[in-house]
Amino acid sequence: LVDKILIVNAAQEPIPGWTDNLNGTVGILIACNTGLFRNLNADEDICLDNITVDIVIKAIILAVWKRSLSSVNKQIEVIHISAYQFRPLKIKDLGIIGMRETDEVPFEKAVWVPVFLCSASWAYFYLNFVLFQVLPSALLDVLVKLAGHKKFLVRVQRKAYTVNLVLGHFMNNNWTFKNDKFFALFDHLTDEEQRHFSFRYPQTTEELSAYVRNSLDYARVTIMKESKDIKPRTRRIRKIMRFLDTFFKMAFYCLCLWLIFVKCDMISSIGSFLYNNDCIRLLREYL
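Take the sequence shown: its position 225, counted from the start at 1, is 225 in the numbering used here, and no numbers get skipped.
Think of the hints as simulated: they come from the structure by calculation, not from any bench. Predicted model only: the values in this text are computed from it and were never measured. Possibly wrong hints are sitting among the right ones.
Result set (DSSO-like, lysine-lysine): computed pairs, CA atoms no more than 30 Å apart in a straight line [as the list claims (entries may be wrong)]:
1. 150 x 231
2. 225 x 58
3. 249 x 239
4. 92 x 151
5. 225 x 66
6. 150 x 109
7. 109 x 159
8. 58 x 150
9. 66 x 145
10. 92 x 249
11. 150 x 90
12. 249 x 90
13. 66 x 151
14. 145 x 249
15. 150 x 225
16. 239 x 151
17. 159 x 90
18. 90 x 239
19. 228 x 159
20. 145 x 90
21. 145 x 109
22. 58 x 181
23. 239 x 145
24. 159 x 181
25. 92 x 159
26. 151 x 58
27. 58 x 145
28. 109 x 151
29. 92 x 239
Label-pair restraints from in silico Cβ distances [as the list claims (entries may be wrong)]:
30. 147 x 194: 52 to 58 Å
31. 1 x 123: 37 to 43 Å
32. 88 x 146: 46 to 52 Å
33. 132 x 180: 42 to 48 Å
34. 177 x 151: 37 to 43 Å
35. 77 x 222: 33 to 39 Å
36. 249 x 177: 36 to 42 Å
37. 14 x 180: 25 to 31 Å
38. 139 x 205: 34 to 40 Å
39. 152 x 131: 16 to 22 Å
40. 132 x 88: 56 to 62 Å
We put the CB at the ideal spot given by N, CA and C, even for glycine.
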């Protein structure tokens with residue numbers, strides 16, 4: 001019995017970054033790069049137990065080969081294919097690497113700049129999900145409908161919510177799956193077999209960055225159906241979006257400060273309160 005944990009894009013074979021879906025944590029980064037997904041119900045200090053699909057396939061082939069050579073045994077052997085004993089990768093580290101690489105591999109069909117927000121609080125996550133994903137998607141769906149096209153964004157958000165429900169249990173709890181039997185599968189291979197079945201799991205920051213970049217680029221071409229080369233226009237649009245995102249945030253903060261200190265005359269109110277407060281007046285007279 002081969003037990004697989006969270007399977008993500010291929011590291012090496014058949015193509016670096018290969019995938020046929022947006023499931024898993026790397027799929028979340030791909031969705032973030034479209035600007036439609038930004039909130040994740042997860043503890044950012046939890047270590048991920050992701051395993052790439054090419055490693056899983058090799059392990060399954062070796063497990064079947066090993067079973068065919070052994071005698072009949074009624075006892076079921078369980079082999080955990082997991083990233084235990086590899087470099088522990090925290091969710092916040094994946095977010096930092098992912099957000100850096102999304103600017104290197106911008107999507108032509110992105111509607112806004114990518115954002116990666118984590119919260120272990122379900123209430124806080126749900127509030128952000130409704131305010132910053134569902135409501136903007138509903139507004140864009142109205143514009144899409146007025147343009148004569150079929151609405152789809154709210155449906156995408158419904159799927160994103162389902163993904164959060166599925167992954168939330170794994171990303172809010174630390175898991176330890178002993179994988180000694182998984183490594184033992186590779187111990188009895190010849191040098192020639194090792195050449196075909198050996199693997200290197202992305203561990204250093206450079207390897208993880210290259211892995212995320214390959215995954216984003218493969219998804220951009222095969223899933224998003226974009227051109228093989230990133231157009232200069234796409235990079236210019238990403239820079240403009242970054243500028244507008246920063247501008248709107250600064251404008252919002254300035255508006256809040258203006259409402260607090262000018263419109264509500266907060267400084268005068270605080271000054272009057274302090275001046276007329278009996279305790280402070282007595283203290284002032286005493287001093």
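Handout entry: Hints violated by the structure (listed by number, smallest first)
Key = 4, 5, 8, 9, 11, 13, 20, 24, 26, 27, 40
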